[in-house]
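With the hints as your guide, set chain B onto chain A.
So the protein sequences, as listed, match chains A and B.
For reference, each letter of the first sequence is one residue, going 1 to 315 in this note's numbering.
For reference, each letter of the second sequence is one residue, going 316 to 630 in this note's numbering.
Since the hints were made in silico from the structure, they are not lab data.
Errors might be hidden in some of the hints.
Said to hold, decoys possible - Not close to chain B: a few residues of chain A, all C-beta gaps over 10 angstroms, as computed:
#1 M16
#2 D62
#3 L108
#4 A209
#5 G225
#6 D249
#7 N250
#8 H290
To be verified - Partial pick of chain B residues on the chain A-facing surface, computed with a CB cut under 7 angstroms:
#9 A416
#10 A428
#11 R431
#12 P461
#13 R480
#14 P579
#15 T594
From the three backbone atoms N, C-alpha and C, an ideal C-beta is built for every residue, glycine too.
Single-letter residue listing:
There are 2 protein chains.
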Amino acid sequence: MPEKVLIFSRFSKTLMARIGQRYELMDSAGKPPHEVFAPEELSKVRVLITAGGSPLGASALDSLPSLRAIICYGTGYDGVDLAAARARKISVGHSPGANAAAVADLALTLMLAVTRRLVPADAFVRDGSWAKALPSPMLRAPPGNPGRRIGVYGMGEIGRKIAARLAGFETEVGYFSRSKHEVPYRYFPTLEALAEWCSVLMIAVRASADTHHAVNAAILQKLGGDGYVINIARGSVIDQAALVAALTDNTIAGAGLDVFEKEPQAPGALTALPNVVLTPHVGGHTVEAHIAMQDCVIANLEAFFAGKPLVYPVN
Amino acid sequence: MPEKVLIFSRFSKTLMARIGQRYELMDSAGKPPHEVFAPEELSKVRVLITAGGSPLGASALDSLPSLRAIICYGTGYDGVDLAAARARKISVGHSPGANAAAVADLALTLMLAVTRRLVPADAFVRDGSWAKALPSPMLRAPPGNPGRRIGVYGMGEIGRKIAARLAGFETEVGYFSRSKHEVPYRYFPTLEALAEWCSVLMIAVRASADTHHAVNAAILQKLGGDGYVINIARGSVIDQAALVAALTDNTIAGAGLDVFEKEPQAPGALTALPNVVLTPHVGGHTVEAHIAMQDCVIANLEAFFAGKPLVYPVN
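Looking at chain A on its own, in the form it has when it is part of the complex:
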């Protein structure tokens, strides 16, 4: 009889099929498990798979007394209450770096698209405005990349891949992270100093209590009127209300956002803006990234059921 694995978040059928070939899935499809499964069934669950951003706290863990491993699909694990897991001797694993290239690629996609006004430009061609030579205030010549100062907030695997991609665009790259890294980019000791220096801020930092609302009204003010914010990390890193205000009154020029404070909600004040590009949390959503993340999940599950430590543990 195959081992049982509780599926705590909603995943695509494709992903479920691959894991389902090896294990028996108890799929709560994004609902609280106690609404789907009987307490007796849940009491036997030893391992679960979750999206790292989904809230998974002490009360959920209390309904899973046999749980010994939480395996996050993806790099993030900010939804998991690590202290509560530790107190219950539950290991936590993830998929480090598996989606870094895909996420970094989307960061560049968002930056290039918003600075070159790609969405309004595409609409201008499609709706016939170009053929009619209509005025196009959104399509005034924007500043280009050569010489542009781009700040990367966070220098983990995704931040490094973003910086490596940016280098080809004749830009200057600086970064802020908790510590200085062995990378060929200028280090800034505070986020304030980075924002003062750069005009595009790429957010690639892990979500945590430390980084919650780190990008606030004061940081946006420092970015200034030719400034852009790109976020492919987590919505919680930005004070979203302050961002909407800064975008609305042109404190900054625009934003490219793959993540939001309350997903899958993007507030109407944001979706109504012409100077943003918005994507539905698809940073790690490529064929290869999904396969690599699945590989990490399966490696973690196999280790767990073999009684070994997780192959990709959260430190």
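Relative to the frame of chain A, chain B by itself:
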């Protein structure tokens, strides 16, 4: 009294202002000059400024018997009948490389946007489909960049800048041009061989009789079902009807197009497609690129009126 300069194409007010500070502009605003100016006025014109893609042939030159210089705004000069100009001892100048970074940046923007389905993704967030968890067939996980084979057609200044940018994305880069260059990318001796090898074809070749409809149904067939075409060069390089057919029946996966066969027209069969990103010929449209192109025009004009050879002649 300032020298007179005939403005043969339609340019923005910003551009006209800078050149107008130095010279008296005879602005035909994109209309045939003989509809705007009397034959006597035209008979005295010694120099004109044109967009390189605008048709400028023998009959127009015959109405300008004193013309001695044609100065193209931008890199291209494919609209100018070079043989007719030569026969009349008219010099032709342009703005080589001035917009190369801006055009290369747009090429990457289009490639990243179309391969990551950016326009449908943005619409999916804005129209509330994401919040409602509606099905999103356009947003199935696409292949990512690492390991992708990208072919660059043309290895001039723009092709080189495209290739340099691509290198950061963990891709393999190959190219075809008339001759092999000293560049660190794999050379293919024919466009057919390049299209057979790559899955993304970036068109960065100069428009000419040689390259007219070079990207035809057979080339698109070789690119195949996971293939993309990106064109920031000239619309004439692609057989546009063949491209629309290939996009419609999924012979290729998608296209990113900044240029079209008959600008500013993009046919309805193209604008109705979900698997394309379309921009209104804005490749060189950044603040810095315009300044650099203006600098070239002014340097050419100053040399001309000083009785010297053009600083940036077309060879």
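Results for each hint:
Separation of M16 of chain A from chain B is adequate, the least Cβ-Cβ distance of about 14 angstroms exceeding the 10 angstroms criterion. Once the 10 angstroms rule is applied to beta carbons, D62 of chain A is consistent with being away from chain B; the minimum gap is 28 angstroms. Taking the minimum C-beta to C-beta distance to chain B, about 6 angstroms, the non-interface status of L108 of chain A is violated against the 10 angstroms cut. At the 10 angstroms boundary, the C-beta of A209 of chain A stays outside the reach of chain B, the nearest C-beta of that chain being 27 angstroms off.
For G225 of chain A, the shortest C-beta to C-beta distance to chain B comes to about 14 angstroms, beyond the 10 angstroms cut-off, and the non-interface label holds. Distance to chain B confirms D249 of chain A as a non-interface residue, since its nearest Cβ pair spans about 21 angstroms, more than 10 angstroms. Even its closest Cβ contact with chain B, about 17 angstroms, leaves N250 of chain A beyond 10 angstroms, as expected for a residue assigned away from the interface. Separation of H290 of chain A from chain B is inadequate, the least Cβ-Cβ distance of about 6 angstroms not exceeding the 10 angstroms criterion.
Using the Cβ-Cβ criterion of 7 angstroms, the hint placing A416 of chain B at the interface with chain A is satisfied: the shortest such distance is roughly 5 angstroms. Annotation: A428 of chain B was flagged as interfacial toward chain A, and the flag holds, the nearest CB pair being 6 angstroms apart, inside 7 angstroms. Checking R431 of chain B against chain A by beta carbon gives a least distance of about 5 angstroms; that is within 7 angstroms, so the hint holds. About 5 angstroms separates the beta-carbon of P461 of chain B from the nearest beta-carbon of chain A, less than 7 angstroms, and the hint is met.
Look at R480 of chain B: its Cβ gets to within about 4 angstroms of chain A, closer than 7 angstroms, so that hint holds up. Taking 7 angstroms as the C-beta contact cut-off toward chain A, the hint placing P579 of chain B at the interface holds, the least distance being around 5 angstroms. Proximity of T594 of chain B to chain A holds as hinted, the smallest CB-CB distance being about 4 angstroms (cut-off 7 angstroms).
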